[in-house]
Amino acid sequence: MSTYASHVVHGPEHGSVRDDVTVTPDAPVRAGARAAATRRQTAFRRVVYLVSILLMAVPLVSLVEYSVRFPLTGAVNLDAWRKIFAGRTNEYTTLDNLWLGLTNSLIMCLITVVIMLVLLLPTMVWVRLSGKKFSRFVEFVCLLPLTIPAVVLVVGLTPIYRVISTQILNSSAIWLSFAYVILVLPFSYRAMDAGLRAIDLKTLVEAARSFGASWLTVLLKVIVPNIKGALVSASFLSCAVVLGEFTLARLLAKDNLQTALFVINLSDSQVAAAMSFLALALTTILLVVMDLIMNRAPKAPKKLDASKTYRAPKKRIKDTTR
Amino acid sequence: MTTLNAAANDTAATAGPRGFASPQGVAGSQRAHTAPANASSVELRNITRTFGAVTALSDFSLTIEPGEMVALLGPSGCGKTTALRALAGLEDINAGTILIDERDVSDLPAYKRDMAMVFQAYSLMPHMTVRQNLEFVLKIRKISAAERASITERYLDMVGLSGHAAHFPHQLSGGQRQRVAIARALAVNPKVLLLDEPLSALDAKVRVQLRDEIRALQLESGITALFVTHDQEEALAMADRVAVMYQGKIAQIGAPQDIYERPESEFVARFIGQVNDISGTVSGQHATTAFGSVPVLPGSVTGAATVLVRPENIAIEPAGSGAPASTVGIIEQFNYLGSVASVAVRCGDVLINAQVPARDGQHLVLGSAVTVALREAPALAV
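First to last, the protein sequences are chains E and Y. Letter by letter, the first sequence follows residues 0 to 321 of numbering that gives the first Met the number 0. Letter by letter, the second sequence follows residues 0 to 381 of numbering that gives the first Met the number 0.
Hints in this document: simulated from the structure, not taken from any laboratory. Treat each hint with caution, since some may be false.
Unchecked claim - To give a feel for the contact side, a few chain E residues facing chain Y, derived at Cβ under 10 Å:
(1) R196
(2) I198
(3) D199
(4) A212
(5) V217
(6) K227
Claimed, not checked - Simulated restraints, written as ranges between beta carbons of each label pair:
(7) Y:A203 to E:L142: 38 to 48 Å
(8) Y:D202 to E:T283: 46 to 56 Å
(9) Y:K204 to E:V140: 42 to 52 Å
Glycine included, each C-beta is placed from N, C-alpha and C at the ideal position.
Using the sequences plus the hints, can you model the full thing?
Put into structure tokens, the structure is as follows:
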């Protein structure tokens, strides 16, 4: 999530916020006050970091501890972890479902993110360019899933999935992605909206259009690179929703990570805990990799060494605008 | 300007060398226009554009000759930006025809109209360097990589920013950014260059400097240009012809000097520059006022009228003994403005604003009595 965080914290306003610290007009006093303020800020920051780390670490550590400590005796053993990699918890329960659920969930992440981006990005760009008229409506539609409980959603989705399973595609769990696109809309809408608000969309689009760029070029070469951060966070949020989804899958009788964990939990809760942790770690790695891929520092094109290309400006046009 | 010639040949190899207008005095002077061989003509014919109940353009017509720069000038909301955007294809029109080189482009989308636009601000792609910004638009126009590089270099050199090729827009000043935007617009060798208040976001000094540069570049390249501004000085200084717009229509179009010295309507007279309202009587070709008589412009009323006189057409002299009482006033305000001085004279219940060369104003003292006289310059009577 480093991208999203960096957008929030290290924005262009960063410097100006810091400058505001000084309030005393007297120079030496001001320097002292500034140092004190900086110290206070640093201390405060450390406390915030510590509390955040604790908040996140305690459940994770507990999860790992639960997976390796036998509840009754308190003895530490790695049986649960061994079982996962051996592929069998006991003679009755296999872990096939768990791996299937995990695979399904990861595939659904991918499909959901792709559909979401392809659907939402052009729509939102269009809505923002066409003015207020549609933006209220689209915002309403996108935020609607938040207000409808998944249990209610299933009532409407059941007949649709009956048709999808029997007549259009098949009964594979991955088609749940279509429903998940609806579930992730509120989150991805918010993230994308923030990104589009941050750029002067209208001028950029019109500039590119007036130079002869097609809509596809505008979208891919102008808009996407400028709201990459927002797209990444929209994708992250979508992945998080999909990987954590239980209700829809359970009620529509499809296997995903959460339903598989639920089933394992009934027979071997330690394995479920170990698997939860593993899935979490896997997801984290996945997201970090995604972040790295999508936010590579822009490659400086060759020949851009200023010292090599610099030539004195012509005399007629003096450069005094700096 | 061999650089530019070569660049133009790069992008329009078949068109042959361009016949450039000879670079004359850049700002303020009258220019006889020499149209370059391959410059495009533009015609907007009876364009109407409404936004709900608001009519932005009403039966708007404008012709731009090849290689000419026309300024659309008007108060905010007069439809000038809508007209520019309609020409660019960024705004739909309800009725009318847009012709470029006598070809109807009314139904063509923006990206097929072969134009380039310079916006008020922030139109450079923020994620691209200066060089990439130029190469991006050239790439859109399917120009080969080798040509792209050389054209980019030439145009950046032309606006004096070769040293900033590797910089991102946010690392440049406002003036530099607009220069890049102009280089980018010229680099694609468009049929028409559209400028939408390109100087409004800049501070005064840079604005004047860049104004002259834009005009020089436009004259050199010979590109037909339409320029929208609400700043009359900008319009008068830069354009071959100025179109003053009012309520979705052109109130008057003409050379800067005509617009200023021979306004055809009260709106134009009052919108461009300053005027004094002096009551008088019009008969025949002259208006007689308490301060003397002046020739009237076509379009003036006859009989009792208000004569609109420019401040510089009012002469002020220290009051002599023989002056008629009706022409004598008291200096109520004296503002020294460097090259000129603005003087407000109270004559009874009218306040006359005059502008005199500053060195002539040395003997004008606040509170002293002066005579006011009208110079022999034609004025509009309404």
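Satisfaction of the V217 of chain E interface hint, Cβ to chain Y closer than 10 Å: Interface hint status for V217 of chain E: holds (9 Å vs cutoff 10 Å).
Beta-carbon spacing of K204 of chain Y to V140 of chain E - inside the hinted bounds 42 to 52 Å or not: The hint (42 to 52 Å, Cβ to Cβ) holds, given that K204 of chain Y and V140 of chain E are roughly 50 Å apart.
Per-residue hint verdict: A212 of chain E, partner chain Y, C-beta under 10 Å: 5 Å, holds
Status of the given 46 to 56 Å range, CB of T283 of chain E versus CB of D202 of chain Y: 49 Å, holds
Interface hint compliance - R196 of chain E to chain Y, C-beta minimum distance less than 10 Å: 14 Å, violated
Hint check, D199 of chain E versus chain Y [nearest Cβ-Cβ separation less than 10 Å]: 5 Å, holds
Status of the given 38 to 48 Å range, CB of L142 of chain E versus CB of A203 of chain Y: 47 Å, holds
Satisfaction of the I198 of chain E interface hint, Cβ to chain Y closer than 10 Å: Holds, about 7 Å.
Chain Y contact restraint for K227 of chain E - C-beta distance below 10 Å: With Cβ-Cβ at 8 Å, under 10 Å, it holds.
The structure is inconsistent with hint 1 alone, although it conforms to all the rest.
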